[in-house]
Amino acid sequence: MTFLVAFAVVCSGITSASTSANVLAQNLFGGFVVNGWMGMPGEGRSPPSRWALCCY
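Taking this note's numbering, the leading residue of the sequence shown gets 1377, the next gets one more, and so forth.
Hints were generated in silico from the structure; no laboratory data involved.
Any given hint could be a false lead.
Said to hold, decoys possible - Simulated DEER-style distance windows between Cβ atoms:
1. Leu1380 <-> Met1414: 41 to 47 angstroms
2. Trp1413 <-> Thr1391: 26 to 32 angstroms
3. Ala1382 <-> Gly1412: 46 to 52 angstroms
Predicted model only: the values in this text are computed from it and were never measured.
C-beta: ideal position from N, C-alpha, C; glycine also.
Produce the entire structure from the sequences given, and follow the hints as far as they go.
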């Protein structure tokens, strides 16, 4: 019985960690899109023109 409870706790911990990582990645990617650092997949956007002033 103890093994089953411990296994359930381990499985819930793995599920919680993977869900948290997925949410963090989605929020991070969303922030890049909102700030114009990245386009949505398939858009083919180039970097913003203001980058030409500071990086080249």
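Hints, verified against the model:
1. Remark: the range hint 41 to 47 angstroms for leucine 1380 to methionine 1414 is upheld by a beta-carbon distance near 45 angstroms.
2. Tryptophan 1413 and threonine 1391 have their C-beta atoms about 31 angstroms apart, which keeps the hinted 26 to 32 angstroms range intact.
3. Checked against the hint of 46 to 52 angstroms, the pair alanine 1382 and glycine 1412 passes, with Cβ atoms roughly 48 angstroms apart.
This entry satisfies every hint, going by the numbered hints stated previously.
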